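The listed protein sequences derive, respectively, from chains A and B. Taking the numbering used here as reference, the numbering of the first sequence is continuous, increasing by one, and the terminal residue is 181. Taking the numbering used here as reference, the numbering of the second sequence is continuous, increasing by one, and the terminal residue is 1540.
Worth flagging that the hints you see were computed from the coordinates, not collected in a lab. This structure is a prediction, so every number in the text was calculated from the model and none was measured. Yeah, the Cβ is synthetic: ideal placement off N, Cα and C, and Gly gets one too. The reader is advised that the hints may include incorrect statements.
Simulated coverage check for chain B against chain A, where a stretch passes if three residues somewhere in it have a Cβ under 8 Å from a Cβ of chain A [unchecked claim]:
| id | stretch |
| --- | --- |
| 1 | 1362-1371 |
| 2 | 1409-1415 |
| 3 | 1468-1480 |
| 4 | 1522-1531 |
Here's the letter readout for the chains.
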Amino acid sequence: MKDRAAFDLLYRQTSAKLFGVCLRVLNDRGEAEEALQEVFVKIWTKADRFAVSDLSPISWLVAIARNHAIDRIRARREPAAYIDAALDVADPAPGPEAMAVAGGETERIYHCLDELEKDRAAAVRGAYLNGESYAELAERHGVPLNTMRTWLRRSLLKLRECLER
Amino acid sequence: MTLAEDNGPERGGDDLFAAEYVLGVLAADERQIASRRIDADAAFARLVDAWEVHLSPMAAAYPEAEPPIRVKEATDRRLFAAQSRGGLWSSLAFWRGLAAAAVAALAIYIAVPYVRPTVEQPQERLVASLAADGSDVKYLVVYDAARRDVGLSLVSGGRAAGKDFELWMIEGKNAPVSMGIIPAGQTTHLAVTPAVQQKLAQGAVLAVSVEPTGGSPTGQPTGPVVAAGDLKGI
């Protein structure tokens, strides 16, 4: 397959999902468009690393997009401005379609999130899906930053313990 | 408070740091440190990858959104207009070739179920990425059960003169079963025998060993394993 044809195919199959990731994290269309370009350039230069990942192909691409978008908001964001924006988009539970498509693994992680205390599960989801930082989560949940750090670290370990059960 | 102070030399510090990186909660400077370590420290990179695997099912909640066509046009300019420019870019021919092979393999993995819709179960197409510490040999493998075909894409590395790569299937604690000599080339195929097909369940490990030309004389791997990985669903 020619480079260009391969790239066109990859773009056609994955750009909507990866744009969805950038939009959700960055919450700004213009910035999400720029980020998506950068993400595909990154994928092009890093594609060989996929060979050493245990992720499925699409999850590996989503991870690149997510991490890139999060790096971008960390670089620009004034936390106070974000809090308002976060409230508009903070609906991290997946819709029925997403659940149906994703099937067992998604059901399992939501089952495991349900085992956490409610506000901690919400903090984990907010962090993962919106890319919220410790500082932002601490402010939104009205707890000191170190408390949030302890919450999330314990929650992550509990979550893993449940997922590996 | 820095993370180093917070975790001290205590075991698990790296594991939590990797988890926090993947969750996305770290500050900009901490994320830069993590990102540099992923590039430089294979053990840390594996911790990050394991956490990505654990948390990735949450990503199902991201709704798809069609990007405007101008994004594709701008991306094409950045990636492909460079070819006619020569100069600086031509010196990057090596990594471009490498990247192209890997992108092609990724595109095939993701697109195959859409391009060739069939009645078979989706789990009848499995993929594996084969790699090993201390080796630059990397293969991407697609196993198509219905066609009894294994497609192999060489991402990096190559065989020495007078040597062949042999592909093995390892199921549980059983002895490796040869799937044949991997033909030379960037993208190649191997037919799967009915006997091997019966044993190829999800979770089987594939491995590539270095053998004398023509393959292992003993029926078991005789040379070093230069790449290995699990078969998994797409």
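Here's how the hints hold up against the structure:
no.: 1; hint: 1362-1371; result: holds (count 10)
no.: 2; hint: 1409-1415; result: holds (count 7)
no.: 3; hint: 1468-1480; result: violated (count 0)
no.: 4; hint: 1522-1531; result: violated (count 0)
Hint violations for this structure: numbers 3, 4, all remaining hints satisfied.
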